[in-house]
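There are 2 protein chains.
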Amino acid sequence: MTATSASPRVTFEALRDFIRAAFVIQGLPESDAGQVATLMAEADLQGSDGHGVIRLPQYSRRIQAGGINVRPDIRVVREKAAMAVIDGDNGMGHLVVSRAVDLAIAKARECGVGWVSTRYSNHAGPASLYARKPLEHQMLGLYFAVGNANHLPPWGGMEMLLSTNPIAAAFPAGDEPPVVLDMATTVAAYGKVKARAKRGEPLPVGWMIDREGKPLTDATRAGEGFLLPIGEHKGYGLALMVGLLAGTLGGAAMGRDVIDFNADHVSVTNTGQAILVLDLAAFGDPAAFGEALDALIRDIRGSARLPGVERIWLPGEQSHLKREAARKAGIALAPSLVSELDQLADSLRLPRLARLGEAGPV
Amino acid sequence: MTATSASPRVTFEALRDFIRAAFVIQGLPESDAGQVATLMAEADLQGSDGHGVIRLPQYSRRIQAGGINVRPDIRVVREKAAMAVIDGDNGMGHLVVSRAVDLAIAKARECGVGWVSTRYSNHAGPASLYARKPLEHQMLGLYFAVGNANHLPPWGGMEMLLSTNPIAAAFPAGDEPPVVLDMATTVAAYGKVKARAKRGEPLPVGWMIDREGKPLTDATRAGEGFLLPIGEHKGYGLALMVGLLAGTLGGAAMGRDVIDFNADHVSVTNTGQAILVLDLAAFGDPAAFGEALDALIRDIRGSARLPGVERIWLPGEQSHLKREAARKAGIALAPSLVSELDQLADSLRLPRLARLGEAGPV
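Same order as they appear, the protein sequences are chains H and B. Sequence positions in the first sequence follow my numbering and run 1 to 362. Sequence positions in the second sequence follow my numbering and run 1 to 362.
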């Protein structure tokens, strides 16, 4: 599924429009379809290609199986001045979380801080998209999510009671690109394991262990093992913390209740996410924060490197560069993915995704 | 510095009263001294012995050098409904953070969520103490702090621009003990490295690297190397995130501005911390949250274990058991620490710390 220099390229707009059309024909209202499509295409634009259009066939299977509500009544079910809980009515996660972020921004503007939890949401794509949304308002975003399949046992255990539960955080700088962290609490996300298996590559030691507790490096045997948390018991603690904040607190699934949405296209996942927004203007002068962060970024980037290290990166900097490059040169998609999307288009009786350099849809 | 079964034991009350007397004679008001002493003795009670009375000689050196304001005017300098920034006026960190937690609890009661940042604070002991405070109000606590010495370079670098910046989180269960996470974002806290050096023990591979990027296992050479972040670049990202939330956001020191308070007893540290409190009652029925967490705790504790693993622990469970045991049997202190405390008592013309089983102060 890896894109190479020989891979077909598409524009952001063509990709977005293709995804939107696929959702509209499957029953989503035009504006909802557009919102989901924009976020999915943004995922591909920034190189989060495990969370972009690659998920369209899976989402489509779930919609067609009745596992997603295409006309949800997304509504606030609990609310105080600085917080809310949103019930997503089993709609597309992108819609539910977008609503949550907008509400958290409004609350942060009023109260300095806003926290919104979701329940009955679904998989929503890359965490960084939602943590980044407050940036344009000179606000910070922190995002927590319960992953949509349990691949992580508690430390010392071998029952997969936890998921890769990601954390994302975004901080607006001044002249520098924002600092954007987006990380699973496991050493590797499960999507990376699947990608290695598809390419016939082994797993590095430290990604997974087998049921004897020994390193599992044969990617095709991934189903027999477990992901490892970062920092051993610490990553287990973080995954648990994120799950309690994003799941249990808002009344969403956690632990044994988590549905494996790769295997089950029908059951309501009751996915939970949580977004925290902090308004810089409440804490001081946002410009001063931007200057302080610019200085820190330059200190870090310009600091002495270990032998053999070419560059010190800030979190989010590589995605930033990928986004800039893909805006100019188009988004590269793996040939196997493009074939899969063509099949989906044919089955939905839609025009196929327009490649760059072609006159129009084929 | 390690306590053993042959170590002298003290009661919580004797330890607290000894610490309080030491602070009073050095100029802290009686009630402030009592508050700091209680928190420091609670650190020892729960086994956080790198953050308890072991710090008293260091705090005393700083107070005597004029590096701590013993009569601070701790005040709110920025405020909105759900947030505040507190200026600690260079007082003891325990006092500044306690004020921040109390204010965050009050704001959470009103708005559902409360966030309070500190600036001009100081080292405040174990993060978990502050994350735990909201528990008695049926609230969750999340705590972030900038560490008081930079021991961590950015990933790929060798300039120590970051600290071990800890995260703590506490969740109230029903019948089970609370889930309490308290972790540095490095594989090992620097105090653990110092303890190994004192005992003449090597460091495990993975704790530190030298300036060639190779594992550093000779603890006596710790000064020539750097701590490693958990999960490689991920822990670097987390340490940066925590530093921005706890330091930069509230106008406290971060990056190059961080003072090494082990080496410098005079400069104002401008330490920053941040506490986030979420009121369970705003999100739903607190009893239902407790039941859900109890069920999850029991699922985790009772789940299948890897070969050779005797027990699966929940975060905070070991501290909980240590606290219960030390309440009954007393707190064991390393003989070398007790000698150091005796010297401090003599120099301050205070009665020495009363050991358990003795008639009174010697």
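It is worth saying that the hints were derived from the structure and are not from the lab. Where hints are given, some of them may not hold.
Unchecked claim - Per label pair, the in silico range of CB-to-CB distance:
#	chain 1	residue 1	chain 2	residue 2	range
1	B	E232	H	K328	47 to 57 Å
2	H	G302	B	D102	38 to 48 Å
3	B	G213	H	G302	51 to 61 Å
4	B	A65	H	A288	28 to 38 Å
5	H	P335	B	A287	52 to 62 Å
6	H	G302	B	E310	40 to 50 Å
7	H	P335	B	V205	38 to 48 Å
8	B	P177	H	V266	34 to 44 Å
9	H	Q58	B	P57	41 to 51 Å
10	H	G302	B	K198	30 to 40 Å
11	H	A329	B	K198	30 to 40 Å
12	B	P177	H	K194	48 to 58 Å
What the hints assert, rightly or not - Calculated pairs, DMTMM-like style, for lysine to aspartate or glutamate (alpha carbon to alpha carbon, straight line, at most 25 Å):
#	chain 1	residue 1	chain 2	residue 2
13	H	K80	B	E79
14	H	K80	B	D102
15	B	K192	H	D264
16	B	K198	B	E224
17	B	K214	H	D299
18	H	K322	B	E232
19	H	K214	B	D299
20	B	K322	B	E79
Glycine included, each C-beta is placed from N, C-alpha and C at the ideal position.
- Among all the numbered hints in the text so far, which are the ones the structure does not match? 1, 3, 9, 11, 12, 15, 20
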